[in-house]
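Participant: Same order as they appear, the protein sequences are chains Y and V. Residues in the first sequence are numbered consecutively from 0, following numbering that gives the first Met the number 0. Residues in the second sequence are numbered consecutively from 0, following numbering that gives the first Met the number 0.
Treat the hints with care, since some could be wrong.
Stated by the list, open to error - Cut-off 20 Å, straight-line C-alpha distance, at most; resulting in silico cross-link-like pairs (EDC-like, lysine to aspartate or glutamate): (1) LYS119(Y) with ASP164(Y); (2) LYS38(Y) with GLU222(Y); (3) LYS762(V) with GLU52(Y); (4) LYS764(V) with GLU26(Y); (5) LYS94(V) with ASP399(V); (6) LYS762(V) with GLU28(Y); (7) LYS170(Y) with GLU222(Y); (8) LYS622(V) with GLU204(Y); (9) LYS119(Y) with GLU43(Y); (10) LYS622(V) with GLU193(Y); (11) LYS622(V) with GLU206(Y); (12) LYS259(V) with GLU309(V); (13) LYS205(Y) with GLU619(V); (14) LYS38(Y) with ASP164(Y); (15) LYS622(V) with ASP255(Y); (16) LYS764(V) with GLU204(Y); (17) LYS762(V) with GLU26(Y); (18) LYS96(Y) with ASP71(Y).
To be verified - Computed far set for chain Y versus chain V, every beta-carbon distance over 12 Å: (19) ARG78; (20) GLU124; (21) TYR140; (22) PRO154.
Don't read these hints as lab results, they were simulated from the structure. Positions of the beta carbon are idealized from the N, C-alpha and C atoms, including for glycine.
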Amino acid sequence: MKSTGVFFGILILFSSCVKVLELDIPEHEPALVVAGLMKDSIVEVYVGQSFPEAPSGYNGLPDCEVTISGPDLPITTFRSIPKTGYYNVPLALLKDKSYRLEVSHPNFLPVSSEEVHVDKPEILEFELDTLGGLDSIFPGYYLQLFELSTALAFPDSDFGGILIDVYIALKDDLGRFQIIQPGTVSLPNNVRYENFRDQRVIFLEKETLKQINGKLNVVFSVEIPKELQMEGRAYLQVSTISNSYKNFLQSYYTHDRIDLETFFAEPQYLFSNITNGHGYFGSQSTDTLSKTIR
Amino acid sequence: MPLKPILVAKFLLFAAVIFGQEQFTLSGKLKDAETGETLIGASVFIPSSGSGTTTNEYGFYSLQVPAFDSVEVVYSYVGFQNQTYTFFLKANLEKDIELGTGVQLDEVVVKANSYEEQLRSTEMSVEALTTKEVKMLPAILGETDILRTIQLKPGIPSGGEGTTGLFVRGGGPDQNLIVLDEALVYNPNHLFGFFSTFNTDAVKDLKLYKGGFPAQYGGRLSSVIDVKLKEGNNKKFSGSGGIGLISSRLTLEGPIQKGKSSFIVSGRRTYVDLITGLVNKANEDKPDANLIPGYYFYDLNTKVNFQITEKDHLFLSGYFGRDKFSFDSDFFDFGFDWGNATGTARWNHTFSPRLFNNTTVTFSDYRYQILNQVTGFSFDLNSNIKDLNFKTDFYQNLNDRNTLRYGANATYHQFTVGRLKAGSDDGNISFSAGQNYDAMEYGAYISDDFDVSPRLTLNGGLRLSAFSNDGTFYYGVEPRFASNFKWTSNLSVKASYARMYQYVHLVSNSGISLPTDVWYPSTENVKPQLSDQVAAGFSYLFNLGGTKLFLTNEYFYKWLDNQVDFIDGAELFANDDLEQEFVFGKGYAYGGEISIEKKEGKLTGWIGYTLSLIRRGEFEGPKGTVMNGRYFSPRYDRRHDISVVAMYEISRRWSAGATWVFGSGDLTWLPRGRYTFQDVPGVDPQVAVPVYGDRNDVRLSDFHRLDVSVIYKLFPKWGESDITLSVVNAYDRRNAFFVYIEPQYKEGEEDPNGTLRIPEGFKAKQVSLFPILPALTWNFKF
Numbered sequence: 000m001k002s003t004g005v006f007f008g009i010l011i012l013f014s015s016c017v018k019v020l021e022l023d024i025p026e027h028e029p030a031l032v033v034a035g036l037m038k039d040s041i042v043e044v045y046v047g048q049s050f051p052e053a054p055s056g057y058n059g060l061p062d063c064e065v066t067i068s069g070p071d072l073p074i075t076t077f078r079s080i081p082k083t084g085y086y087n088v089p090l091a092l093l094k095d096k097s098y099r100l101e102v103s104h105p106n107f108l109p110v111s112s113e114e115v116h117v118d119k120p121e122i123l124e125f126e127l128d129t130l131g132g133l134d135s136i137f138p139g140y141y142l143q144l145f146e147l148s149t150a151l152a153f154p155d156s157d158f159g160g161i162l163i164d165v166y167i168a169l170k171d172d173l174g175r176f177q178i179i180q181p182g183t184v185s186l187p188n189n190v191r192y193e194n195f196r197d198q199r200v201i202f203l204e205k206e207t208l209k210q211i212n213g214k215l216n217v218v219f220s221v222e223i224p225k226e227l228q229m230e231g232r233a234y235l236q237v238s239t240i241s242n243s244y245k246n247f248l249q250s251y252y253t254h255d256r257i258d259l260e261t262f263f264a265e266p267q268y269l270f271s272n273i274t275n276g277h278g279y280f281g282s283q284s285t286d287t288l289s290k291t292i293r
Numbered sequence: 000m001p002l003k004p005i006l007v008a009k010f011l012l013f014a015a016v017i018f019g020q021e022q023f024t025l026s027g028k029l030k031d032a033e034t035g036e037t038l039i040g041a042s043v044f045i046p047s048s049g050s051g052t053t054t055n056e057y058g059f060y061s062l063q064v065p066a067f068d069s070v071e072v073v074y075s076y077v078g079f080q081n082q083t084y085t086f087f088l089k090a091n092l093e094k095d096i097e098l099g100t101g102v103q104l105d106e107v108v109v110k111a112n113s114y115e116e117q118l119r120s121t122e123m124s125v126e127a128l129t130t131k132e133v134k135m136l137p138a139i140l141g142e143t144d145i146l147r148t149i150q151l152k153p154g155i156p157s158g159g160e161g162t163t164g165l166f167v168r169g170g171g172p173d174q175n176l177i178v179l180d181e182a183l184v185y186n187p188n189h190l191f192g193f194f195s196t197f198n199t200d201a202v203k204d205l206k207l208y209k210g211g212f213p214a215q216y217g218g219r220l221s222s223v224i225d226v227k228l229k230e231g232n233n234k235k236f237s238g239s240g241g242i243g244l245i246s247s248r249l250t251l252e253g254p255i256q257k258g259k260s261s262f263i264v265s266g267r268r269t270y271v272d273l274i275t276g277l278v279n280k281a282n283e284d285k286p287d288a289n290l291i292p293g294y295y296f297y298d299l300n301t302k303v304n305f306q307i308t309e310k311d312h313l314f315l316s317g318y319f320g321r322d323k324f325s326f327d328s329d330f331f332d333f334g335f336d337w338g339n340a341t342g343t344a345r346w347n348h349t350f351s352p353r354l355f356n357n358t359t360v361t362f363s364d365y366r367y368q369i370l371n372q373v374t375g376f377s378f379d380l381n382s383n384i385k386d387l388n389f390k391t392d393f394y395q396n397l398n399d400r401n402t403l404r405y406g407a408n409a410t411y412h413q414f415t416v417g418r419l420k421a422g423s424d425d426g427n428i429s430f431s432a433g434q435n436y437d438a439m440e441y442g443a444y445i446s447d448d449f450d451v452s453p454r455l456t457l458n459g460g461l462r463l464s465a466f467s468n469d470g471t472f473y474y475g476v477e478p479r480f481a482s483n484f485k486w487t488s489n490l491s492v493k494a495s496y497a498r499m500y501q502y503v504h505l506v507s508n509s510g511i512s513l514p515t516d517v518w519y520p521s522t523e524n525v526k527p528q529l530s531d532q533v534a535a536g537f538s539y540l541f542n543l544g545g546t547k548l549f550l551t552n553e554y555f556y557k558w559l560d561n562q563v564d565f566i567d568g569a570e571l572f573a574n575d576d577l578e579q580e581f582v583f584g585k586g587y588a589y590g591g592e593i594s595i596e597k598k599e600g601k602l603t604g605w606i607g608y609t610l611s612l613i614r615r616g617e618f619e620g621p622k623g624t625v626m627n628g629r630y631f632s633p634r635y636d637r638r639h640d641i642s643v644v645a646m647y648e649i650s651r652r653w654s655a656g657a658t659w660v661f662g663s664g665d666l667t668w669l670p671r672g673r674y675t676f677q678d679v680p681g682v683d684p685q686v687a688v689p690v691y692g693d694r695n696d697v698r699l700s701d702f703h704r705l706d707v708s709v710i711y712k713l714f715p716k717w718g719e720s721d722i723t724l725s726v727v728n729a730y731d732r733r734n735a736f737f738v739y740i741e742p743q744y745k746e747g748e749e750d751p752n753g754t755l756r757i758p759e760g761f762k763a764k765q766v767s768l769f770p771i772l773p774a775l776t777w778n779f780k781f
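All chains should be built: construct the whole structure from the sequences, respecting the hints.
Facilitator: Now the structure itself:
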């Protein structure tokens with residue numbers, strides 16, 4: 000980064016004058032960390048904790064009481080997966096209704112959050128074209144380029160944006176399917192979007208969706224082992240996500256991208272809608288469609 | 000008797016008194032008898048009536064004097080001997096006056112008139128410095144710096160250790176209008192802010208407005224720094240200069256045609272790079288030796304002026320300065336250079352004894368370039384802003400109570416924002432980014448200095464400003480007001496109000512002022528910044544044990560709107576859509592400033608104290624809000640700021656200076672804790688997420704430093720000379736230059752192979768820059 004260059008320039012230039020002193024960082028009170036997501040038929044929650052220093056090892060909290068409630072839903076307790084910080088409860092929640100999540104643990108302040116469960120999108124159509132193949136830089140692989148065109152319909156109710164996830168499943172010699180994630184997924188034609196999860200997932204703002212009337216092309220490349228047959232299925236997953244979940248993902252992936260520990264980086268304040276704690280409580284509703292590849 | 004006729008009669012009587020006596024105009028210029036330089040802000044005063052004026056920034060004065068009467072007029076200027084003339088005017092008279100020091104040049108002569116003028120003027124929230132004061136005070140590495148010295152005045156805290164960034168009354172570093180001979184200077188820094196671009200030898204006058212801005216100034220919210228270059232000695236050839244540890248400077252000036260035209264050339268250059276170059280060459284054959292990067296800066300000021308006719312005077316001046324940083328090795332070359340260039344063509348025309356005009360065309364260019372070359376790959380990043388400005392100002396003495404100023408200006412801005420070219424040498428990979436903007440900025444103003452009575456003076460003004468950029472048009476109406484009520488002969492009470500618009504913005508995500516900060520114009524989404532400031536205070540001249548002291552106490556409140564900041568995690572590097580990273584919000588600042596100044600006697604100086612509070616908030620932009628719109632303090636919210644400045648003339652040969660500054664520590668933003676998301680799909684369980692409090696919620700330790708200097712004067716036959724010893728940071732205080740976070744690893748895990756290591760803790764570390772820093776400089780003048 001340019002600023003880092005300048006930073007080191009100053010350090011080198013004045014290296015004979017520089018003296019480094021240790022400072023006390025203000026004390027941090029550990030608090031509960033929640034990652035909660037309402038999905039179409041299940042609500043999943045991870046509970047961990049924050050630390051004054053660096054977290055090490057597994058730090059999920061198994062002994063929490065996690066509940067969810069809503070206008071149509073009495074207080075319902077999550078089941079815990081033993082020795083983990085993972086909790087879930089199978090529920091088909093009502094769309095566009097607000098739900099309240101509460102988490103408590105004997106050693107921490109109880110935390111809570113409220114969020115509206117978003118309505119589902121619909122994949123109206125979906126076409127897949129192969130654009131060509133190249134030898135990969137990885138031995139035993141070739142690089143296949145695809146273009147996917149789709150038309151989507153979205154609920155009228157409020158949501159933060161959509162996530163677009165594509166992947167393919169190809170048959171091996173034994174007829175078993177192997178799921179292959181794409182490398183980079185992108186949108187041509189100057190459509191404004193963001194990439195999440197190592198460039199594999201596309202995020203589009205609600206406003207952008209309106210501008211393109213739900214019609215878009217997705218280009219993605221896949222590294223395919225040469226022994227696999229070019230036969231299988233391509234999957235398109237489109238999810239509406241709530242505003243809080245969108246805010247969290249945007250802040251998280253920005254944080255992931257920037258160099259946090261240098262002086263010149265503008266720090267990323269991670270979004271949180273958890274009262275008395277950290278993390279998020281969001282909603283995601285998904286439609287999936289697949290096509291045969293031959 | 001009905002009330003209305005009484006009022007009419009009173010008005011007529013008043014008018015008769017004012018307008019009944021015939022008057023003529025006494026006008027001309029005040030000059031330094033030794034060099035012929037015009038004197039700015041010199042006093043022209045009629046003791047019998049208590050009326051008077053000051054010379055404008057071009058040395059011109061115009062005064063109404065009773066006709067057919069013997070009138071005594073006193074001309075005075077700080078550091079010069081008063082001159083008194085008796086006039087008996089039968090017609091308008093143009094009279095240029097030359098003031099001399101009348102004593103040895105190295106002695107400071109200050110008459111009470113400078114206090115008188117401050118007590119009489121409507122100007123408030125103004126700080127001025129003479130180069131004499133600057134040269135007596137200690138300087139970092141012996142390099143005197145007028146911009147750094149002005150920061151010792153109350154209400155102008157600096158950006159901290161080693162920077163010349165100015166944060167005036169809660170304003171940001173981009174909210175200062177800095178003009179050098181009327182040309183805009185975008186980056187007034189050398190060496191990342193350690194020195195300013197103003198060479199003290201070439202500077203004639205520096206004036207800094209913190210509030211109560213006169214209507215002729217616009218375009219920035221928080222301060223105006225007006226720097227005037229010397230015109231050059233039009234009586235005899237002379238020179239001055241200095242040789243220091245890191246730099247040398249030389250100024251030559253003299254007449255082209257005696258009394259009619261003159262020139263001045265002033266340059267300086269640092270030479271650390273010559274020394275580091277020799278060290279690198281000596282180490283060429285040593286494989287373990289580390290190369291030292293090369294760095295130098297230089298600047299050159301030139302000016303010529305021609306008295307074309309009695310009524311016409313032409314000035315041409317220019318500034319060119321560059322900083323160059325380079326690091327060259329077998330596999331990695333890095334070059335970074337930046338600098339300003341300005342040019343000014345100015346024409347003064349006296350239409351009549353009452354009407355004076357200054358017309359100026361200026362050019363300014365600020366650019367930086369970063370060149371980076373590693374084996375097989377290179378990149379070139381540059382940014383640039385160019386201005387071409389036309390400006391005309393009229394100064395009209397309407398009558399003995401009203402002085403009008405009016406004028407207009409138009410500026411063409413050309414912005415190149417973050418032009419990046421990167422690619423491999425074989426051409427297989429290439430990348431480019433950057434944006435260009437062309438914009439126009441306009442201003443027109445009128446103001447009146449109105450002497451309502453011998454005790455009450457008002458200044459009212461109005462400025463209209465406008466900005467157009469790619470079909471987007473903004474305009475602003477900027478009222479200005481200042482008043483002075485002279486309660487007694489040594490106490491005056493002042494108040495002012497000023498509205499300012501700012502149409503260009505500085506893009507910077509760093510804690511210090513960097514040359515890579517980019518200027519960005521107002522666009523459809525980026526609205527102009529706006530501020531309203533009210534200030535009130537008093538000035539009091541009093542005697543303490545036979546010593547005259549001047550007390551100034553002011554209070555201010557400033558409202559700020561459309562402030563530009565960055566969203567959390569803003570990515571500014573090679574970003575073609577910077578506006579997505581902006582957030583826009585509001586702010587306010589308030590505080591009080593007090594100073595006591597002593598200008599007479601062997602011991603001179605001042606003590607200043609500022610108490611202030613700065614807040615920003617309600618930030619929102621395309622990507623969201625900052626802290627959900629809550630208010631926070633910017634990094635430069637310095638609650639307390641104290642400066643003590645003393646200069647002492649010990650003997651004819653010896654003098655000494657000392658400054659002590661104290662400031663509340665700067666604010667910063669450090670993570671307090673961390674957490675990870677585990678068992679969460681799509682989220683890397685290894686990534687430790689930092690937990691931050693509110694923005695800038697950690698205050699660093701207080702800043703304080705003592706600098707001292709001793710000057711020993713020599714009196715050679717060929718002129719003047721002195722040896723100056725400066726000691727910066729005399730008691731070795733380690734002030735924070737910046738703070739960073741360093742991961743801590745388990746003992747014995749310092750793996751040179753670079754395998755993945757998970758930190759077990761973090762430590763905040765403070766980098767301090769200046770230890771005790773002595774410097775010796777030899778200065779000369781012939």
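Participant: Hint by hint, say whether it matches the structure.
Facilitator: Verification of the supplied hints:
no., hint, in the structure
1, LYS119(Y) with ASP164(Y), "holds (15 Å)"
2, LYS38(Y) with GLU222(Y), "violated (30 Å)"
3, LYS762(V) with GLU52(Y), "holds (9 Å)"
4, LYS764(V) with GLU26(Y), "holds (16 Å)"
5, LYS94(V) with ASP399(V), "holds (18 Å)"
6, LYS762(V) with GLU28(Y), "holds (17 Å)"
7, LYS170(Y) with GLU222(Y), "holds (14 Å)"
8, LYS622(V) with GLU204(Y), "holds (10 Å)"
9, LYS119(Y) with GLU43(Y), "holds (18 Å)"
10, LYS622(V) with GLU193(Y), "holds (12 Å)"
11, LYS622(V) with GLU206(Y), "holds (13 Å)"
12, LYS259(V) with GLU309(V), "holds (10 Å)"
13, LYS205(Y) with GLU619(V), "holds (18 Å)"
14, LYS38(Y) with ASP164(Y), "holds (16 Å)"
15, LYS622(V) with ASP255(Y), "holds (17 Å)"
16, LYS764(V) with GLU204(Y), "violated (40 Å)"
17, LYS762(V) with GLU26(Y), "holds (12 Å)"
18, LYS96(Y) with ASP71(Y), "holds (9 Å)"
19, ARG78, "holds (14 Å)"
20, GLU124, "holds (27 Å)"
21, TYR140, "holds (21 Å)"
22, PRO154, "holds (22 Å)"
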